[in-house]
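Given chain A's structure and the hints, the job is docking chain B onto it.
If you're matching them up, the sequences are chains A and B in order. For reference, each letter of the first sequence is one residue, going 1 to 477 in our numbering. For reference, each letter of the second sequence is one residue, going 1 to 101 in our numbering.
Please keep in mind that the hints were generated in silico from the structure rather than gathered at the bench. Each hint should be verified, as a subset may be incorrect.
[As the list claims (entries may be wrong)] Dumping the calculated DMTMM-like pairs for lysine to aspartate or glutamate here, alpha-carbon to alpha-carbon at most 25 Å:
hint : chain 1 : residue 1 : chain 2 : residue 2
1    : B       : Lys24     : A       : Glu24
2    : B       : Lys24     : B       : Glu39
3    : A       : Lys334    : B       : Glu9
4    : B       : Lys75     : A       : Asp415
5    : A       : Lys35     : A       : Asp145
[Unchecked claim] Computed footprint of chain B on chain A, listed as stretches where at least three residues anywhere in the stretch have a Cβ under 8 Å from a Cβ of chain B:
hint : stretch
6    : 220–231
7    : 463–469
Backbone N, C-alpha and C fix where the C-beta goes; we use that ideal spot for every residue, glycine too.
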Amino acid sequence: MELNALTIKQATTGLQNKEFSSVELTSACINRIKKRNSDINAFISVTEDEAMDAAKKADEAIKNGSSKTLTGIPFGVKDAICVKDIRSTGGAKILDTYTPPHTATVIEKILSEGAVLVGKQNCDAFGHGASNENSMYGPVKNPHDTTKVAGGSSGGSAAALADNQCLFSIAEDTGGSIRQPASLCGVAGLRPSYGRNSRYGIMPMASSLDTVGPMAKTIEDIAILMEVMAGNDKKDATTVNQEVPMYTKEIIKDISGMKIGVPKEYMELEGMDEEVKHIIEKQIEALKKMGCKIEPISLPHTKYAVPVYYIVVPSEDSSNMGRLDAIRYGVQEKGDSLYDVYANSRRNGFPEEVKRRIMVGTYALSAGYYDAYYKKAQKVRTLIRQDFENAFSKVDLLVTPTSPFPAFGLGEKKDDIISMYLADVFVSPGAVAGIPGLSVPVGNTKARLPVGLQVMGPRLAEGRVLQLGHHIQQAQS
Amino acid sequence: MKLTEKDIEKIALLARLELSEEEKTMYAGQLSVVLDYVEMLNEVDTTMVEETCQVTGLEDVFREDEVEEESNETKEKIIEQFPQKVGRLLKVQAVFDKRKK
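Extracted from the complex, chain A is given alone in its bound form (with noise of 0.2 Å):
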């Protein structure tokens, strides 16, 4: 087996019995990268020089005894995370210059730990799309099949993962940004409660949507993860002051007697893809020989999620890209007046869904349209979280698919905003709800692309979720 190719799990052991060296792992995978990216454009930067130097100071560690949970373990970064004196454009030429003068506290702890950056990773502009098409520096494209996308926003972090370039990767997830990509991708993604982990660092888009998780590989290297990113942060006051369980520990539990929710409404959504269903139907069947109990539940509220959120993440989002001025930072075009510097900066430097996006915001904002857009779609997201505060009184946790369809072909839903929007309807409504959810590798169609199952569970129970997903790939190998 190729070095890029290990777990974490697997990659720590063999470094701790000297069977390799991270020096050995690292360039592993930054040729890996480099035989690649032209294909995949996977990574915007690649931090090679500073990959080297971490990865021998990491080996110097593993041979005086110092090394930590993730001491010489290559990874990248969505690059709409901040990491200090590296690149950092969010996927928009309007920060093709930006190199921050701070790192995200999540990535502070990873690095910490003795992990290893090999790259920032390609993403939809500022985490706007569900195919990475959306990005300035072009898409991404599919391991699996490169006339595919590989999904969004985070579309680059999951296929590194999928094509080896990288042990794990750190994204975002809005509306699915994590757990989208990691299904069409292959890969494992979670996204964390809201507020579980802190945002410090993350370039914002809906304030109270966003939440910053890993994807890898396995579910064990999830929790790995998870134990070093979760926690209470001083500079993220959104962030929940409660202990963070040990996750490694969590998902050996026993799993027999689960109760374990099918909502209704996702299984039979009309348009969904005839093989994703059969391949989540055959899981569920998988779950109750697990000894896990299946029970139908219903979410009424399911297809309004994501109108909600194509109305609140757009406001939101319209506040959070004014900082966007091209004033103190940021590539900035000249101008007559202070006006077209604005506008011929943002112009420029946005893609149009980005525009899009700003513009519906500000239009739901505006004087006389707030109550009519805004505060509705808050409501109306009220009577989603109950949805599933009624489904958890009942079921442990629930399952569905992560997305209504494999990957799909570049550009085949580039002109249809509604349909693109709607390869989040599975993944939406957690996000509104802040809830955790994570995208399980479980089968792949006839034209061999993956399909992810998700499982959610209520907030800040992302132990219980990945304790299945946990039994789900152990019964797999």
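Just chain B now, with coordinates in the frame of chain A:
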């Protein structure tokens, strides 16, 4: 809700986005589609429903209002990023100048 190119012009001005004529036509069509789609929410009776403004249940998260001095290195890095500067000062176009629109 059907938006006209005139509406789009007004929104674009508020949002500081300079649009070409083709873009105005394109966005007028697309925004109308999006707004029609979200109309679906009017089917839902929300008369007695409170809004969800946050999902953590946290209330009144306070901290001491103390200034934390950033390092000189950070300060220099922020200044380095200024697109236009005079010495260590940020330079911008005149704020109270004639506006284009």
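Right, here's what the structure says about each hint:
With a C-alpha separation of about 53 Å, the suggested pair Lys24(B) and Glu24(A) falls outside the 25 Å cut-off, and the hint is violated. Taking the CA atoms of Lys24(B) and Glu39(B), the gap is near 22 Å; set against the 25 Å cutoff, the hint holds. At most 25 Å may separate the alpha-carbon atoms for a hinted pair to count; Lys334(A) and Glu9(B) meet this at roughly 21 Å. In summary, the hint linking Lys75(B) to Asp415(A) is not supported, as the alpha carbons are separated by about 44 Å, beyond the 25 Å threshold.
For the hint pairing Lys35(A) with Asp145(A), the CA-to-CA distance comes to about 16 Å; that is within 25 Å, so the pair holds. Only when three residues or more bring their CB closer than 8 Å to a CB of chain B does the claim for the stretch 220–231 of chain A stand; here the count is 0, and the claim is violated. Against chain B, the stretch 463–469 of chain A contributes 0 residues with a C-beta closer than 8 Å to a partner C-beta. That does not satisfy the three-residue criterion, and the hint is violated.
The structure does not agree with the numbered hints 1, 4, 6, 7 stated previously, though it agrees with the rest.
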